[in-house]
Amino acid sequence: MVWINTNVSVKAADAAPNRWDVVALPLVIGLLALLAIGGHQMALPLTSVEEVPVTLDPWMLPEYALRSTLRMLAAMAASLLFTFTYATLAAKSRRAGMLLIPVLDVLQSVPVLGYISFTVVFFLGLFPGSVLGAECAAIFAIFTSQAWNMAFSFYQSLRTVPRDLDEAATGFGFSGWQRFWTLEAPYAAPGLVWNMMMSMSGGWFFVVASEAITVGDHTITLPGIGSYLAKAIDGQRLDAVGWAVLAMLLVILAYDQLLFRPLVAWADKFRVELTGAQEVPESWLLTLFQRTRFFRAVFAPFDRMLGRLVWLRLPVGGASRGAAGGLQAVGGLLDRVPARAVDMVWYLLLAVAGLWAGWSMIAFVSSGVDWGDVGTVLLLGGATLLRVIVLIAVATLVWVPLGVLIGLRPRLAEKVQPAAQFLAAFPANLLFPVAVVAIVRFDLNPDVWLSPLMILGTQWYILFNVIAGATAFPGDLKEAAANFRIRGWQWWRDVMLPGVFPYYVTGAVTASGGSWNASIVAEAVNWGDTRLTAHGLGSYIAQATEAGDYPRIVLGIAVMSLFVILFNRLLWRPLYAFAERRLRLA
Amino acid sequence: MLNTRNTTIFELSGVRQAYAKPSGQDYVVLDNVDLTLRDGEIVGLLGRSGSGKSTLLRIVAGLVKPTGGSVRHHGEAVAGPTDGVAMVFQTFALFPWLTVWENVMAGLKAKGVPAREAEARTEEAIDLIGLSGFESAYPKELSGGMRQRVGFARALVVHPEILLMDEPFSALDVLTAETLRTDLLDLWMERRLPIKSILMVTHNIEEAVLMCDRILVFSSNPGRVAAEIRVDIAHPRNRLDPQFRAMVDDIYGRMTARKPLVASSAATKRPPAHAVPLEHVSTNLLAGLLETLASPAYHGKADLPHLAGALQHEIDDLFPIAETLQMLGLAEVAEGDIHLTEPGRLFAESGLDDRKRLFAEHLIRYVPLAAHIHGLLKEPATQHVPSSRIRAELMPFMSEGYAEETLKAVTNWARYAELFTYDDETETFAFEDAD
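Taken in sequence, the protein lines are chains A and B. Under full-length UniProt numbering, the first residue of the first sequence carries the number 1, and numbering increases by one thereafter. Under full-length UniProt numbering, the first residue of the second sequence carries the number 1, and numbering increases by one thereafter.
I should point out that these hints are in silico values taken from the structure, not numbers from a laboratory. Among these hints, one or two may not hold up.
List time: in silico BS3-like cross-link candidates among lysine-lysine, alpha-carbon distance up to 27 Å [stated by the list, open to error]: (1) 408(B) / 356(B); (2) 196(B) / 111(B); (3) 140(B) / 111(B); (4) 111(B) / 269(A); (5) 478(A) / 415(A); (6) 140(B) / 269(A).
Computed from a prediction, not measured in an experiment: that's the story for all the values here.
Modelling step: build the complete structure from the supplied sequences, incorporating the hints.
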């Protein structure tokens, strides 16, 4: 199945950084800093967290896998809820959108693993002495790795609902609630499902990373595959690492077959193009459900109930309790007040909030860091940036030609494509110990040899996107190239590379974003008592986290977010714009 | 036979629709339009694209709020989506994720009609419109004609007082469109439709004469009612009937009558000559029409309705070509006829190089914008002219869409004439390199 995302968030806003970024960045980081301050104080009286023992018995793994999976599901549910509310509000109200969209844009550039420490402390404070706090923190970390691109995709869809369908809904007098469930949500479904899939595949990485975490004096372990792995690393048990890898493989496989194939196949009916799709995604499970009389009978009552729920005549706006109606009411309220003057007040308010947040961030950071550190951190950021650039370049040189060659052979592509998507979902941090053992054994330089770990899990995005691009490359262009004997380098330069370029950019954006995030776990790794560290912003944040040094964490996150945002704006967006403008195969 | 035209359902008077532009000058889509819709009649809004007729339809539907004038439904002012109207869309606008049955029922569910009644009415509408057997199909499984039948059933099922149709047949092929038209007309004449009146937008003159009791002919820029024509031909109407042909000819004549291109509206500032909107017509079409006219079949002169029929073009296709030829001094259009001018004949008979030379000459003489850019490029210090500069010169006098279209037109014509060229990377006009 080839199904390419058309909703990459990098396209979402205009290419140029605008004044809203200036407000959004300090707002986001500032709020994180506030969370740290608050959480820090709350957590002070806490002396110990309930320790849940994790054993290395492989027979415990099914249970651990189940726990990890449940966390993942809980996070996905939270992400969906967030998507439906946040994106809807942003799309329905111009003024809300002005703030919410830049904030979302910054949020997705903030390294999730960077602020996991605050959220852990914060949630532990929220549920003192209970493991629930740690659970919430882990779920929250997974949530933050999943929600942003889903919200972006949904927002994009809401803004591009075809005008005729919109008019039909208005003309037939749909209420806000009815419009949301019969028009807007279905229209957004294919893009949303695709983004859910991407989110999930990114999410496993964070499940593994967030189940066993040390913040200052607190060590939190939640039963799951991630903590099993942490224990294996502690005990230097390669066999246990192997079991964890196997368990993860099975879990991802089950997830794909039982959840996502059916979802994707089902979401296909929401595609708006009225021409029958050439390739219809299929799922044996969905087919089973749809064709078996027993299952249909079981689900029919739910179906009817849902149908009734969707068509409820919840009033638009007013005292509506329905999510969509309520949001529309909020959005309407924000927009109802007359234009110019209120806009000015609204801008001013946002500017003040931004200033205040920025100021409190600086105040907090400077309480524990002197300004010389800032220079160091910027330098470390440069080191990590260099790694990301070199790694993406290397991955490009390797996977673009290979992806094209695979994509041009449909039979082969059919087999490789699912494998590549699978590898992208597989949390690379499970394999880190193997690399560490090798580095230690051969006494390699960690500054160089830890780097590949950053792209270990994310390079596959480049591969499967390029495969998709080559598969989708029009047959007549291929025939034309063959007919005119275009070969060798000219074939690559004039025919194939421009054809797959838009797909490549999609993959490379995801890969580079993932690499920044991975740097926090990849630049500082352990194997029992052995500790390997590469110089970079990632290891800086990791060390500050372990030491519970909040000002340094905030500084590290702020700088990394800045690097990511600039990298996206100055490199990927222009490339995207170029691809859109010049290389679209209409 | 339907002579009960007494009750007024809708009354629009002095309706104006304008969009504020940053330059301060309003861009007027509709200006001072009056329209009365009575019980038992089919009214057609006929005009070129951009004449605001679709906007007027949406004003009646309550989807668009006019910036001026009054809209009254049974004497009461309309605010928000109008009750008792249902719309049929050019693009069908079916929900792709709902089956035929669900699509038709959607409007009833939205209204909260009790399930049993909704089902009965859905079944009735589906039967009436000839969709029985297709209830469980999804729109993507249907042909264009069947999809539009779903569009009709969905509109009729809510028992609207007025059926609004926005070019409902223009996305269909000729045969399918004709079948649907006659089916609808038959149901209307047999009074089997649960509606009182039909308001339809079209740019097909024959369709308007075939279906309507009254036709409002719109002029463009801004949209105004140029003429109101009563069609008193008995149904079923025959396209070959002399009375029918005469009426079609008459409307063609009215729509091609020589008139100032931009009506002198409230605009205080007269635009400079080069800031007049141009419609982009491909040079292939221009050359094609000139060659057709010069061919022995026409001997340089043709009746537009006849030509449209022979070429299977509708007015939206044919008029812009004819008018561009007229603007370029290659043909004359008047009273529904078109004939070649001397340069036009010369063009048709020449080879490619001579054609280009002739076209370049006429471009400079008759298209002030082309002459303007050409003049700028000829200034000694100028290497190239950024398109943003030209756009800025056009923007105060037209909408952004028209400015884009105008730039596209002048770029393509100038390229054909090899007068000057345009670089998409740098977004500048320049002379072609001499080497």
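Indices of hints not satisfied (ascending): none
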